[in-house]
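Trainee: What follows is each chain in one-letter form.
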Amino acid sequence: DAGVIQSPRHEVTEMGQEVTLRCKPISGHDYLFWYRQTMMRGLELLIYFNNNVPIDDSGMPEDRFSAKMPNASFSTLKIQPSEPRDSAVYFCASSIDRAYGYTFGSGTRLTVV
Amino acid sequence: GIQVEQSPPDLILQEGANSTLRCNFSDSVNNLQWFHQNPWGQLINLFYIPSGTKQNGRLSATTVATERYSLLYISSSQTTDSGVYFCAVSIAEGSGGGADGLTFGKGTHLIIQP
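If you read the protein sequences in the order shown, they are chains A and B.
Taking this note's numbering, the leading residue of the first sequence gets 1, the next gets one more, and so forth.
Taking this note's numbering, the leading residue of the second sequence gets 1, the next gets one more, and so forth.
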């Protein structure tokens, strides 16, 4: 099992550009989560999906952020336009059920200059 | 929303020492998990423990749900235990299965010195 796979590992972009982060959950995991980690705010839930359907997107900062899960094996988090305050590590996690824990990917470190 | 407070924020120990990390939460939960974030940033799930006690090697955890706290014990610390330990919870809304978004505490930064 390759675990949760995120790409890219690092992304540096200029303010105003579109950024797309990608995640492949563990096969068979029905739940997929996007988190953001910053020094100031810690780990924050952005959105999560169950069976490809968004369940709770209340953590999405603003309209510049959008997330999709077109199928069970792929999800994207898009920021358009990006701003320097979006700089953070973005984690994707998946789970089959809370009792089995949550598996996190290695994260994408985003720097917006 | 639910509040999660972890203590101490920082802890420096010598190799071989034991430690206790605490997590207090402000509401009833149906999901409580402990994670270790290693110095390379990887988040590893340690325990799913909304109540009761579990042990895994040198690590054990206890959650007293009625008093809204959880403890993580690390015995015979090794340098590889260094990193940040997070407690994360979600609010109880029924007894069904499934999963939901977790609220994380700020973490305990543990440094184990050789």
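One or more of the hints may lead you astray.
[Stated by the list, open to error] FRET-style restraints, in silico, Cβ to Cβ:
| id | chain 1 | residue 1 | chain 2 | residue 2 | range |
| --- | --- | --- | --- | --- | --- |
| 1 | B | P9 | A | R109 | 17 to 25 Å |
| 2 | A | R85 | B | T79 | 18 to 26 Å |
| 3 | A | R85 | B | T66 | 24 to 32 Å |
| 4 | A | N50 | B | K54 | 38 to 46 Å |
[To be verified] Interface residues of chain A toward chain B, partial, derived using beta-carbon atoms under 10 Å:
| id | residue |
| --- | --- |
| 5 | L46 |
| 6 | S66 |
| 7 | Y100 |
[Unchecked claim] Stretch by stretch, here's where chain B covers chain A in the computed footprint (C-beta under 8 Å, at least three residues):
| id | stretch |
| --- | --- |
| 8 | 10 to 17 |
| 9 | 50 to 62 |
In case anyone wonders, no lab produced these hints; they're calculated from the structure.
All figures in this text were calculated on a predicted structure; none of them were measured in a lab.
In this text, a Cβ means the ideal position worked out from N, Cα and C, and glycines have one as well.
Trainee: With reference to the structure, classify each hint as holding or not holding.
Mentor: Comparing the hints with the structure gives:
1. P9(B) - R109(A): 17 to 25 Å: 23 Å, holds
2. R85(A) - T79(B): 18 to 26 Å: Given about 35 Å between the Cβ atoms, the range is violated.
3. R85(A) - T66(B): 24 to 32 Å: 41 Å, violated
4. N50(A) - K54(B): 38 to 46 Å: Hint violated: Cβ distance 26 Å, outside 38 to 46 Å.
5. L46: Result: holds, 9 Å to nearest chain B Cβ.
6. S66: 17 Å, violated
7. Y100: The hint holds - Y100(A) has a Cβ within 10 Å of chain B, the shortest such distance being about 7 Å.
8. 10 to 17: Violated: only 0 residues of the stretch 10 to 17 of chain A have a Cβ under 8 Å from chain B.
9. 50 to 62: Satisfied; 4 residues make the cut.
Of the numbered hints listed earlier, those contradicted by the structure are 2, 3, 4, 6 and 8.
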